[in-house]
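Student: Chain by chain, the residues:
Number of protein chains: 2
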Amino acid sequence: MKKYLDQTLTPQQRAEALVSEMTTEEMASQLRYDAPAIERLGIPAYNWWNEALHGLARSGIATMFPQAIALAAMFDPDLVQQAAEITADETRAKYNAYLAHGDHDIYKGLTLWAPNINIFRDPRWGRGHETYGEDPFLTAENGKAYVKGLQGQGPVLKTAACAKHFAVHSGPESLRHEFNAEATPKDIEETYLPAFEALIKEAHVEGVMGAYNCVNGEPSCASDFLMGKLREWNFDGYFVSDCWAIQDFHQNHKITSTPIESAAMALKAGCDVNCGCTYAYLLTALEEGKITEEDIRAACTHLMRTRIKLGMFDQQTEYDNIPYATVASPEHKSVSLQCAERSMVLLKNNGILPLDETKLKTIAVIGPNADSRIALEGNYCGTADRYTTFLTGIQDRFAGRVIYAEGCHLYKDRSSGLALAGDRYAEALTAAENADLVILCVGLDATIEGEEGDTGNEFSSGDKNDLRLPESQRILVDRILQTAKPTVIVCAAGSSINIEADPDALIHAWYPGSEGGKALAEILFGDVSPSGKLPVTFYETAEKLPDFTDYSMQNRTYRYAKDNILYPFGYGLTYSKTECTDLQYQNKTARITVTNTGKVPCEEVVQLYIKDASQWSPLNPSLCGFRRIALNAGEQKTVEIPIPEKAFTSVNANGERKIFSDTFTLYAGTHQPDPLSETLTGTKCLTLEITP
Amino acid sequence: MKKYLDQTLTPQQRAEALVSEMTTEEMASQLRYDAPAIERLGIPAYNWWNEALHGLARSGIATMFPQAIALAAMFDPDLVQQAAEITADETRAKYNAYLAHGDHDIYKGLTLWAPNINIFRDPRWGRGHETYGEDPFLTAENGKAYVKGLQGQGPVLKTAACAKHFAVHSGPESLRHEFNAEATPKDIEETYLPAFEALIKEAHVEGVMGAYNCVNGEPSCASDFLMGKLREWNFDGYFVSDCWAIQDFHQNHKITSTPIESAAMALKAGCDVNCGCTYAYLLTALEEGKITEEDIRAACTHLMRTRIKLGMFDQQTEYDNIPYATVASPEHKSVSLQCAERSMVLLKNNGILPLDETKLKTIAVIGPNADSRIALEGNYCGTADRYTTFLTGIQDRFAGRVIYAEGCHLYKDRSSGLALAGDRYAEALTAAENADLVILCVGLDATIEGEEGDTGNEFSSGDKNDLRLPESQRILVDRILQTAKPTVIVCAAGSSINIEADPDALIHAWYPGSEGGKALAEILFGDVSPSGKLPVTFYETAEKLPDFTDYSMQNRTYRYAKDNILYPFGYGLTYSKTECTDLQYQNKTARITVTNTGKVPCEEVVQLYIKDASQWSPLNPSLCGFRRIALNAGEQKTVEIPIPEKAFTSVNANGERKIFSDTFTLYAGTHQPDPLSETLTGTKCLTLEITP
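Sequences listed follow chains A and B, in order.
Mind the numbering: the first sequence is residues 1 to 692 in the numbering used here, read in order.
Mind the numbering: the second sequence is residues 1 to 692 in the numbering used here, read in order.
In case anyone wonders, no lab produced these hints; they're calculated from the structure.
Some hints here could point you the wrong way.
[Stated by the list, open to error] With a straight-line Cα cutoff of 20 Å, these simulated SDA-like cross-link-like pairs (lysine to any residue) come out:
id, chain 1, residue 1, chain 2, residue 2
1, A, LYS290, A, ILE255
2, A, LYS485, B, LYS186
3, A, LYS186, A, ALA501
4, B, LYS577, B, LYS599
5, A, LYS485, B, ALA100
6, B, LYS186, B, GLU218
7, A, LYS361, B, ALA100
8, A, LYS348, A, THR581
9, A, LYS684, A, ALA501
10, B, LYS562, B, THR663
11, B, LYS361, A, GLU331
12, B, LYS3, B, LEU41
13, B, LYS684, B, GLY598
14, B, LYS485, A, PRO323
15, A, LYS3, A, MET312
16, B, LYS544, B, LYS485
17, A, LYS361, B, LYS562
18, B, LYS588, B, THR663
19, A, LYS485, B, PRO323
20, B, LYS361, A, LYS361
21, A, LYS577, A, GLY634
22, A, LYS544, A, ASP527
23, B, LYS361, A, PRO323
24, B, LYS254, B, LYS290
25, A, LYS361, A, GLY351
26, B, LYS412, A, ILE106
27, A, LYS577, A, GLU635
28, B, LYS577, B, LYS485
29, B, LYS290, B, LYS186
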């Protein structure tokens with residue numbers, strides 16, 4: 001038996017044995033993302049580029065979960081992990097099918113380039129909806145859950161997750177190929193790195209992807225500082241560049257002069273696989289003495305080690321018989337539905353919700369996102385085998401008449417080039433006038449909130465210019481509200497939006513996945529109480545934010561913001577009313593009593609925040625624990641939430657993380673502890689001084 | 001009271017009175033398609049450009065009927081008329097709403113630029129699916145029904161229909177702005193004009209639109225020959241140019257040298273309203289003496305006459321209270337469903353259909369048109385408030401598991417630019433392998449079969465290069481059939497397609513409208529027996545057709561084709577078997593006995609063809625009557641079909657239509673009388689020699 005096939009050896013040993021049989025040229029060939037076969041060694045072709053941000057992506061049909069930001073809004077890592085487990089099962093089922101047909105193409109492998117655990121630092125970032133929000137702790141909890149779900153319980157990895165984009169990466173998209181993010185040591189340690197550290201140390205994520213931008217002058221994919229962190233954390237997976245990021249070294253960052261230098265710099269730093277084409281110059285770099293054969297060998301060994309961990313060189317794995325019927329199965333789609341139910345955030349409700357069906361004959365569903373499949377998808381998604389749009393969900397659920405009007409284009413001022421501006425308002429107003437109630441479905445989609453190069457919009461390469469609705473929709477909202485019909489606004493967007501209007505109720509639905517319309521209808525009609533919580537601060541206006549290119553955390557995110565808050569972090573209403581009482585602390589664990597004082601069952605997220613007494617603590621208390629619970633009307637539960645060690649640390653100006661204080665204030669409630677959210681909810685957070 | 005408001009006067013008198021109050025400039029302004037208001041006379045702005053080819057189009061939500069070619073496949077003018085009545089009701093309901101909101105924009109008026117009654121002369125024509133097919137009689141019957149439905153029973157017109165494109169117009173799209181169609185007097189009288197004549201004389205269509213191309217050297221919108229025909233037929237409506245067609249006179253046809261000359265030429269010839277902008281030069285033409293004020297006055301009077309007929313200057317009309325709730329009402333959509341049920345054509349069935357649900361656990365629905373909304377729409381359509389795609393329809397109807405795979409892009413060789421060619425075949429094959437049966441949904445859509453300027457495809461400006469499926473789909477069909485799974489192919493396309501494959505069953509679904517998927521599922525599972533009939537010949541190959549630019553009818557359409565027939569005109573199977581016996585003739589009426597000799601109820605279309613003994617009769621018998629009937633299993637009915645006078649005429653080389661013969665042969669059956677169709681159906685047409 002070939003040594004690399006010997007399952008009694010470690011993956012590292014097997015990888016070394018396999019690579020030892022390769023020529024230099026063969027080793028170098030494997031560092032391309034589209035690695036060719038080495039037929040004489042029985043190594044099949046393999047494409048490292050595969051996507052699975054919220055379900056298997058770009059690989060045909062798969063269960064489509066809500067976008068990552070929506071998953072974060074669940075405050076429910078267990079369910080995130082379940083979504084990832086399903087994603088991994090479907091990835092394996094399709095991998096088996098592709099292999100059976102000899103198809104080794106892109107999007108058909110097991111190295112999934114998810115999750116995106118960048119901090120959603122600025123609400124204008126177009127890719128923010130790919131993340132788990134603005135908080136390092138929430139991001140880490142969800143990221144770990146997603147990685148665990150994707151990678152499985154071993155010993156063979158079900159799939160290999162990848163933490164991206166390492167690190168300090170959050171726009172602007174338009175500048176990403178030449179941008180240098182300048183961040184303080186404190187912000188890096190306090191905000192930008194914790195989730196990466198957690199995924200590597202605690203979830204053993206198999207892959208890390210570097211970012212496009214530079215960080216403090218070093219390109220992310222070849223940064224001594226960042227690569228040093230990976231070594232410090234004992235990362236033992238593979239490192240991949242973002243796609244065509246190494247090309248940016250010479251073309252845009254101007255840090256090198258030639259592709260040969262760029263390839264050498266990345267490889268030397270520790271970038272194992274090149275998504276792009278710059279590693280085509282590796283052999284030239286070797287000839288020129290810029291790299292050594294050992295550099296190539298080390299990278300190739302990392303890559304083979306990952307493939308070995310995935311069982312690709314085992315005769316069989318426990319995953320080979322996952323049946324194709326698992327793909328987009330009814331059971332899987334019901335989990336997607338559950339995610340959508342738990343992710344939508346009720347931001348306002350004057351009592352109109354849940355709707356009283358007995359009093360409604362006709363509902364007008366209006367707006368450019370009402371019947372939009374794209375608004376369900378977000379980006380980096382698969383294809384669903386059925387899309388329940390908001391409109392369809394309401395039609396299916398409501399026994400009366402539903403009248404639909406698109407209202408306006410998502411962002412253009414007219415729906416037809418031959419028409420006058422505002423060509424669809426009259427229809428929308430008529431629909432409203434003929435209805436007892438309006439459900440107004442506005443927001444964005446990934447064509448105007450997304451990634452550089454992906455979008456055809458007129459904004460900044462996928463970034464938002466501001467936090468408002470596009471003008472076409474602002475006019476629509478104004479005009480519909482002027483009809484004085486009872487109106488519920490449903491906003492589908494992956495980020496903070498200020499709708500600048502005062503409807504009877506407001507639901508932020510994110511990009512809720514293929515079952516989004518069903519979840520919305522269930523919430524509207526009270527089959528399900530909303531329970532999503534904001535994983536990002538909703539600001540009043542972009543004008544009061546720091547410059548988009550400013551990577552200082554000052555006055556950004558709930559931990560550092562002084563003002564400009566529209567809806568606070570962690571906020572979200574239910575159809576009931578819950579009260580936290582009796583906060584206690586013992587043995588690194590908080591104990592909170594929660595009572596449903598309302599009239600209907602609900603799910604609630606109990607949140608724990610902490611702040612130390614030192615000068616190094618962030619301005620506002622930081623999330624350090626949370627727990628989703630279900631409560632019947634009148635029910636009381638006592639919730640125990642362990643507080644991680646790290647919650648007692650702070651970071652000084654040098655970026656050193658330590659315990660700087662003996663005393664801490666704990667806050668328990670159902671949202672960030674701040675005056676506005678307490679006014680909004682009518683409930684104060686509990687506070688407790690503790691000395692651990 | 002102003003004289004033009006006096007409803008006791010004729011529309012002509014009222015129009016003359018109204019126009020007499022206008023200045024020359026005001027009259028000229030009304031000849032634009034986007035006619036401005038004349039406020040001093042209380043004349044509101046009016047946009048003449050409105051669309052309603054198969055339901056109100058481009059005006060937001062409306063009931064979407066199957067595309068025109070599909071409506072023709074019903075062989076059921078009564079139902080066509082009902083669809084048009086619904087369309088007119090919805091147009092009025094929305095017109096009322098637009099007016100209430102002061103919206104006089106494009107697509108919001110009452111002058112509907114439908115139907116398209118051009119003869120579908122060549123199967124490569126991209127716009128062929130807008131027509132009622134290749135037969136003048138079938139086109140006229142459907143066109144008259146559509147016009148009657150749109151215009152209503154009067155006295156006030158519910159809406160104004162428009163017969164287009166007058167005349168001899170059927171591609172190529174890529175040449176339409178400079179093309180000169182050369183047609184013989186015989187072909188013009190025998191094929192190209194009869195439907196126009198019928199709509200004007202028998203259905204009193206209110207509008208006629210000229211075509212882009214020249215006909216025998218004269219531009220259609222200013223042709224002495226064609227305008228002479230309108231006068232001969234006592235046309236008393238309004239004439240509109242196709243959009244920017246007058247500009248073609250100087251820019252492309254080079255028949256005039258300047259826009260001034262073009263405007264003058266069109267107006268002089270009798271073109272009342274200019275869709276385009278060339279009539280901006282009318283006042284200059286007047287100054288230069290190229291036209292007279294009387295020319296302008298005549299056109300303006302025609303236009304005001306139409307607006308008066310529509311009740312636009314009446315205090316109220318019977319249509320003012322059509323409620324908005326009528327738009328896309330459940331009742332209206334059920335008629336759309338009925339149209340889809342009757343329009344789909346079963347071309348092949350080895351007995352697999354209807355499907356036996358008890359034997360099926362898993363169905364694979366595969367193909368680029370399976371979950372496509374565009375494939376339901378065709379072109380010139382509205383927006384449906386719900387789209388039941390083929391996939392969704394099957395999911396809703398089938399209790400077992402449905403697996404979906406897109407299979408391939410509609411026409412590109414890969415679904416992702418980064419992937420290798422054929423990137424979705426492995427998934428499709430896997431889906432097939434995991435199913436008991438495959439429903440393979442292939443075909444075209446309006447992005448590759450449509451109008452010049454509308455499409456982004458790589459083919460000839462919307463025209464087809466051949467009659468095959470795009471290569472991506474040919475490979476898909478081959479590979480799926482190689483799995484040897486039972487396979488039903490569903491082809492959505494607006495024209496003749498040769499799928500070049502031998503599945504267990506083949507359904508040609510056209511572009512079946514918003515309810516298309518429901519209709520398909522009903523047919524697949526036997527809730528409804530298919531009953532659509534081909535309104536066009538399905539040819540074997542485009543290579544055996546005359547040149548696309550050749551407007552001679554020789555070897556084109558079922559009346560003149562000698563060979564190259566894949567499926568004949570009028571052909572379409574049911575789930576039962578019907579037999580025509582006992583053809584009799586008396587008093588211009590044929591009497592046929594029809595028996596359902598099969599085991600299930602069905603609808604059938606009894607068809608009557610005629611041929612005279614003279615040298616002037618078309619090569620093959622011509623359709624002269626038909627009747628759709630419903631028959632229970634074993635049921636026998638006697639059908640009476642009147643034969644119109646015109647059926648006994650033929651056209652000589654000079655274009656003179658006369659009765660040239662004493663004896664005629666009548667053919668009765670369920671398809672065109674030809675040997676192939678008799679082999680396909682196993683039933684011979686009945687023949688009867690008659691001497692009327």
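Student: Evaluate each hint against the coordinates.
Tutor: We went through each hint and held it up to the structure:
1. LYS290/A to ILE255/A: holds (15 Å)
2. LYS485/A to LYS186/B: Not satisfied, since the Cα-Cα distance of roughly 63 Å exceeds 20 Å.
3. LYS186/A to ALA501/A: violated (38 Å)
4. LYS577/B to LYS599/B: Satisfied, since the Cα-Cα distance of roughly 8 Å is no more than 20 Å.
5. LYS485/A to ALA100/B: Status holds; Cα separation ~18 Å.
6. LYS186/B to GLU218/B: holds (18 Å)
7. LYS361/A to ALA100/B: violated (23 Å)
8. LYS348/A to THR581/A: Answer violated: LYS348/A to THR581/A is near 24 Å, above 20 Å.
9. LYS684/A to ALA501/A: violated (26 Å)
10. LYS562/B to THR663/B: violated (23 Å)
11. LYS361/B to GLU331/A: holds (17 Å)
12. LYS3/B to LEU41/B: Holds - the C-alpha atoms of LEU41/B and LYS3/B are around 12 Å apart, at most 20 Å.
13. LYS684/B to GLY598/B: Distance ~17 Å between LYS684/B and GLY598/B Cα, so the pair holds.
14. LYS485/B to PRO323/A: holds (19 Å)
15. LYS3/A to MET312/A: The hint holds at about 14 Å.
16. LYS544/B to LYS485/B: violated (33 Å)
17. LYS361/A to LYS562/B: The hint is violated at about 60 Å.
18. LYS588/B to THR663/B: Roughly 13 Å separates the two Cα atoms, so the pair holds.
19. LYS485/A to PRO323/B: holds (19 Å)
20. LYS361/B to LYS361/A: violated (39 Å)
21. LYS577/A to GLY634/A: holds (10 Å)
22. LYS544/A to ASP527/A: Violated, at about 39 Å.
23. LYS361/B to PRO323/A: Roughly 15 Å between the alpha carbons, so the hint for LYS361/B and PRO323/A holds.
24. LYS254/B to LYS290/B: Satisfied, since the Cα-Cα distance of roughly 18 Å is no more than 20 Å.
25. LYS361/A to GLY351/A: holds (19 Å)
26. LYS412/B to ILE106/A: holds (17 Å)
27. LYS577/A to GLU635/A: holds (11 Å)
28. LYS577/B to LYS485/B: violated (27 Å)
29. LYS290/B to LYS186/B: violated (35 Å)
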